[in-house]
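*Asks:* Use the sequences and the hints to build the structure in full.
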Amino acid sequence: MNVFNTLIRAASEGGEPAAQLPEYAPLLLILPLAGFLFTAAIGRRLGKLAHLVPLGAIVATWGIAMSLAIPALLGDLGEHGASSELFTWIASGSLTFNMGIHVDALTGALLLVVTTVGALVHLYSVGYMSHDPGYWRFFAYLNLFMFSMLLLVLANNLLVVFAAWELVGLSSYLLIGFWYTKREPGLAAKKAFITNRVGDVGFALGLMGLVAVFGTLDISTILAGVEAGQLAGPAATVIALLIFCGAVGKSAQFPLHVWLPDAMEGPTPVSALIHAATMVNAGVYLVARMSPPFAASHEAMLVVAAIGIFTAIFAASIAFTQTDIKRVLAFSTLSQLGYMFAALGVGAWVPAIFHLITHGFFKGLLFLGSGSVIHAVEGEQEMPKMGGLARKIPITYATMLIGTVAIAGLPPLAGFWSKDEILGEAFKFGYAWVWLVGMVVAGATAFYMFRLMGLTFWGKSRVSESVHVHESPWTMTLPLILLAIPSIGIGALLGFPFADGILVHGLEPIFHPANVLLGHEHEAWTLFGIDGLLMLASVTVASIGTVIGVRLFRSDNGDRIRAITARLQPLYVGSKNRWFFDDLNDLIFVRLGTRLANAAWWFDRRVVDGAVNGVGTLTSTGGRGLRQIQTGRVQNYAFGIALGLAAMAVAYLVIGS
Amino acid sequence: MSDLTQLIGGLPILSMITLLPFVGALLIALLPSSRPSLIRVAALAVSFITFVLSLLMLPGIREFSSEFAFSEQISWIPSFGITYHLGVDGLSGALVVLTTLLSWICILASFGPIQNRVKEYFISFLILETGMLGVFLSLDLFLFYIFWEIVLVPMYLIIGIWGGADRIYATIKFVLYTLVGSLLMLVAILATAFSHQAATGSWTGAFDLIALRGTITDPTLQALAFGAFALAFAIKVPMFPFHTWLPDAHVQAPTAGSVILAGVLLKLGGYGFLRFAIPLFPQAAQDFAPLIIALSVIAIIYGAIVAIVQTDLKKLIAYSSVSHMGFVTLGIFSFNQQGVDGAILQMLNHGLITSGLFLLVGIGYERTHDREIAKMGGWASRTPVYAALFGFFLFASVGLPGLSGFAGEFLVLLGAFLVNPMVAGAATLVMILAAVYLLWMYQRIFTGPLSPFLKGLGSHLTDVTPIEIATLAPLAAMIVAFGILPSLLTNAFATSVAQFLMYASGGLIQ
Numbered sequence: 128m129n130v131f132n133t134l135i136r137a138a139s140e141g142g143e144p145a146a147q148l149p150e151y152a153p154l155l156l157i158l159p160l161a162g163f164l165f166t167a168a169i170g171r172r173l174g175k176l177a178h179l180v181p182l183g184a185i186v187a188t189w190g191i192a193m194s195l196a197i198p199a200l201l202g203d204l205g206e207h208g209a210s211s212e213l214f215t216w217i218a219s220g221s222l223t224f225n226m227g228i229h230v231d232a233l234t235g236a237l238l239l240v241v242t243t244v245g246a247l248v249h250l251y252s253v254g255y256m257s258h259d260p261g262y263w264r265f266f267a268y269l270n271l272f273m274f275s276m277l278l279l280v281l282a283n284n285l286l287v288v289f290a291a292w293e294l295v296g297l298s299s300y301l302l303i304g305f306w307y308t309k310r311e312p313g314l315a316a317k318k319a320f321i322t323n324r325v326g327d328v329g330f331a332l333g334l335m336g337l338v339a340v341f342g343t344l345d346i347s348t349i350l351a352g353v354e355a356g357q358l359a360g361p362a363a364t365v366i367a368l369l370i371f372c373g374a375v376g377k378s379a380q381f382p383l384h385v386w387l388p389d390a391m392e393g394p395t396p397v398s399a400l401i402h403a404a405t406m407v408n409a410g411v412y413l414v415a416r417m418s419p420p421f422a423a424s425h426e427a428m429l430v431v432a433a434i435g436i437f438t439a440i441f442a443a444s445i446a447f448t449q450t451d452i453k454r455v456l457a458f459s460t461l462s463q464l465g466y467m468f469a470a471l472g473v474g475a476w477v478p479a480i481f482h483l484i485t486h487g488f489f490k491g492l493l494f495l496g497s498g499s500v501i502h503a504v505e506g507e508q509e510m511p512k513m514g515g516l517a518r519k520i521p522i523t524y525a526t527m528l529i530g531t532v533a534i535a536g537l538p539p540l541a542g543f544w545s546k547d548e549i550l551g552e553a554f555k556f557g558y559a560w561v562w563l564v565g566m567v568v569a570g571a572t573a574f575y576m577f578r579l580m581g582l583t584f585w586g587k588s589r590v591s592e593s594v595h596v597h598e599s600p601w602t603m604t605l606p607l608i609l610l611a612i613p614s615i616g617i618g619a620l621l622g623f624p625f626a627d628g629i630l631v632h633g634l635e636p637i638f639h640p641a642n643v644l645l646g647h648e649h650e651a652w653t654l655f656g657i658d659g660l661l662m663l664a665s666v667t668v669a670s671i672g673t674v675i676g677v678r679l680f681r682s683d684n685g686d687r688i689r690a691i692t693a694r695l696q697p698l699y700v701g702s703k704n705r706w707f708f709d710d711l712n713d714l715i716f717v718r719l720g721t722r723l724a725n726a727a728w729w730f731d732r733r734v735v736d737g738a739v740n741g742v743g744t745l746t747s748t749g750g751r752g753l754r755q756i757q758t759g760r761v762q763n764y765a766f767g768i769a770l771g772l773a774a775m776a777v778a779y780l781v782i783g784s
Numbered sequence: 017m018s019d020l021t022q023l024i025g026g027l028p029i030l031s032m033i034t035l036l037p038f039v040g041a042l043l044i045a046l047l048p049s050s051r052p053s054l055i056r057v058a059a060l061a062v063s064f065i066t067f068v069l070s071l072l073m074l075p076g077i078r079e080f081s082s083e084f085a086f087s088e089q090i091s092w093i094p095s096f097g098i099t100y101h102l103g104v105d106g107l108s109g110a111l112v113v114l115t116t117l118l119s120w121i122c123i124l125a126s127f128g129p130i131q132n133r134v135k136e137y138f139i140s141f142l143i144l145e146t147g148m149l150g151v152f153l154s155l156d157l158f159l160f161y162i163f164w165e166i167v168l169v170p171m172y173l174i175i176g177i178w179g180g181a182d183r184i185y186a187t188i189k190f191v192l193y194t195l196v197g198s199l200l201m202l203v204a205i206l207a208t209a210f211s212h213q214a215a216t217g218s219w220t221g222a223f224d225l226i227a228l229r230g231t232i233t234d235p236t237l238q239a240l241a242f243g244a245f246a247l248a249f250a251i252k253v254p255m256f257p258f259h260t261w262l263p264d265a266h267v268q269a270p271t272a273g274s275v276i277l278a279g280v281l282l283k284l285g286g287y288g289f290l291r292f293a294i295p296l297f298p299q300a301a302q303d304f305a306p307l308i309i310a311l312s313v314i315a316i317i318y319g320a321i322v323a324i325v326q327t328d329l330k331k332l333i334a335y336s337s338v339s340h341m342g343f344v345t346l347g348i349f350s351f352n353q354q355g356v357d358g359a360i361l362q363m364l365n366h367g368l369i370t371s372g373l374f375l376l377v378g379i380g381y382e383r384t385h386d387r388e389i390a391k392m393g394g395w396a397s398r399t400p401v402y403a404a405l406f407g408f409f410l411f412a413s414v415g416l417p418g419l420s421g422f423a424g425e426f427l428v429l430l431g432a433f434l435v436n437p438m439v440a441g442a443a444t445l446v447m448i449l450a451a452v453y454l455l456w457m458y459q460r461i462f463t464g465p466l467s468p469f470l471k472g473l474g475s476h477l478t479d480v481t482p483i484e485i486a487t488l489a490p491l492a493a494m495i496v497a498f499g500i501l502p503s504l505l506t507n508a509f510a511t512s513v514a515q516f517l518m519y520a521s522g523g524l525i526q
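For the protein sequence lines, the chains are A and B, in the order given. Each residue of the first sequence is one higher than the last, beginning at 128 in the numbering used here. Each residue of the second sequence is one higher than the last, beginning at 17 in the numbering used here.
No wet-lab data here; the hints were simulated from the structure. No experiment lies behind these values; they were computed from the predicted model shown. The beta-carbon is built from N, C-alpha and C at its ideal position, and this holds for glycine as well. There may be inaccurate statements among the hints.
[Stated by the list, open to error] Residues on chain A that point at chain B, a partial pick, calculated with CB under 7 Å:
| id | residue |
| --- | --- |
| 1 | G220 |
| 2 | E293 |
| 3 | F320 |
| 4 | V328 |
| 5 | A331 |
| 6 | P361 |
| 7 | W729 |
| 8 | D731 |
| 9 | R733 |
*Replies:* Here is the structure:
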């Protein structure tokens, strides 16, 4: 402990917020990092025991995280949280970028999801990956991811956030491409990293803009500066939108959404942890953390809301027709993340984070459940080859049903509370269009999720005869059960009483500056007024979606479904093919990009190098002529040298005078 | 001063560092050619001792109050005021250690691959080391020029004798290109000296960097001389459009040649700008800055785009060097703290990272005798450690934060942003392009099913040997260390940057 103590003491000279984090707080980063280094170094020799250290590290991390997250959410760390400075990372003249950690209610919310789902995914992987030869490698990467993700939410300097942003990208790359001897995972991993980098260019430039304005990337200094009005007008819009580019990439929003469905090539625990519950939330976290710069620009907020709500409906429309169980969930994730951005864009900060938490739990549950299904049917992911699994894998079925009801937004499960708040605030802040599209998405969500349940669990079995369907081992079902609990209860726990729950109290001070900039005020919640009506409306559309979904997919309704799709053929084809977005990208970036690169290379060889070789040829031709001067007689050379010196002297007299 | 600094301060430590490899080369010349392993060990020992000496010298640099530490100045050609003048500061000290480190790594990496004319090879390599060290430590323009030209000869031999099939074309191109630049630089050095003599009536200090800085006021001389220096350095960096010698030289050079070329020789250009061209001719440098910044951004983007379609592994990394070295000139000519700090970091980190990549390519070539990307595939399944090491250096090259490449690139971009956000915006696009060409290459070579070509190699496709790990481990360790604590480096050369910025702003002219 003394080491950390001195580290902290040595670097904490800024003395900004009075509150100091306990001296064990850096263990949140050190434990997963140590787990990664240990397992990467000797994990291979540990065989089937390779999970012990990484799993233990994460369980311990979970305990420490809870000991900080709960007080943070309850406001016991003070309104602005607590910090520890660790060391100076990059210094250039008077400009320094410090490594330090900060915990407030927003961090607490993220810690809650990241470490809980993280620990459960580690446990689940003990069962899911048990037959994989890369068992140790998998746990090493998972620990690396946990370190990076925790660094991302804990860092108090945006450059460190950016570093962690890239490191989660690396872990995502490694885990998507985990089964590297197959072709597709390698391609998907590469696509994910490159697509993310497109957004990161914007993020990086946004950071440079912030340095130009504030001379620092220390988050609290920047936010205080924005609050004091140091960033406004077009500069605020440009910087906010550049940072938003990063969020669009990491959280897979349109038009950078293309990487996430392909990322399902990774093992399913990875899909649950990274590509549903944690890393993809990083963009939401970033915008929420930087809420004042966004709130300082009406245009930026509008773009965030528009991109979010468009992604929500766009992705939902694709989820309707996908047949791969994980792809449905992937598009559902895009759609739900879109919801969160729509919420941020209308200034519904707390509901956005609320939805991030509830979604993290129920989507983590649904993904792990899909993994259990895939495990049960021996690797099959196509829902048309499933059906009737409810009785054969009852725990998986029951827990996934809970997840489905939760995401559908039916009360009193978790999703209802957060989704209702998003829709309600969108309406009340005057964004009727966001509310209206959001309502459609809410209904659609319920529909496609019950379609998933129906195709997988209900009706007659379409599973191949040779497959022996079996429930998963306890290491896999226990995490499902443990995730089902928050999927049921976390909404009411954090969100009740309405507009006055734990989360509102905890987060309100953090979003206060942004709300002041937006002119939003905290109003009392009225059951027998507008709020009650809005709630009724959102429950109604969720119920309609549920009823249609259940009725269509309850039993084998193949003919009716085929009839409906036949009538909507163009829509069906568009949705099935993801509205041809991947093909468009392929055309623009891969085909035309390769052409451009080839043209550049042609230019390099023929024009740039061609000129050099041309000079060379000219010289050697000239050289043959000049060879006659090379007589081998010293006098001639001496004469030449004298001539040269004379020429230099003349040149000097001309230039030098 | 510490005891160590006092002890070595009493010795001509810089001369010892510079000349030890040359003395080693002379001693090796006396060894019989029939004892190749003795020659190898001797060369390794000489280069390793040089490395240790340079490490001992390093901490002392900051203990001197003068700009240059451990100075040595001996009159050499008094009639023209030419002296043997050596000195070291944080900037040159870091580059000297990079040179001595890469030299012994290269010599160790050559143990296996170099099997014919072993004696001549190691003699050439040690003379090359002396030349490079001399360039970094010279404070006299004439002496600097001598060392600058000395570098050329052994490099010419290393590529021309131990290189690949097309080595003659590549060496002639390399030598002619470099000679054109350096001859013009010689003319500029002479013109500067003549002008100094004309102005002061004495030859004293006519070739001395310290004496000359801030005294050259004639704008025409500034412009012409800067142009000549800049051309010589631009060719070495290499800047667009003077870069086409580099891919050919890299492809034909033996592994160690490629490593030293990328690791040290390209840095001579950046160092030349920082130490000579800009402090001597600051006004002209400011005037030329927009052009050089434009060419740098072109190099950054264009090099990366051309790298995407390369089919030869070494060519791909060569073009990536063009792109990465564009950051160096972009940062230097931003003329601000962040840009220059970033540029120097980028020089050092490119030296560590790209050297590692070339070593890895060489390790692969030893097994496959091929560098054609299309023939590879699924390599990771056969040699996981090799694949992991390659991945490590590759992500360092992509600029992953936490590894050393990031800090330099970010500071350069930041420096450029503070001058002109549009320039930074264009250059930042390389973040995408670098990921495209490097990850594409990695995916093609290492992932997927094992290619028929690699399968055909059977048991020849072995994983890395302990010696190979020994060549890579120091680089990897430094990449991690300077990724987490880049301030170790920026603190080391802080004084040099402050001095540079003062002279670059023409501080002493007014």
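*Asks:* Which hints from the list above does the structure break, by number from lowest to highest?
*Replies:* Result: hints 6, 7 and 9 break, sorted rising.
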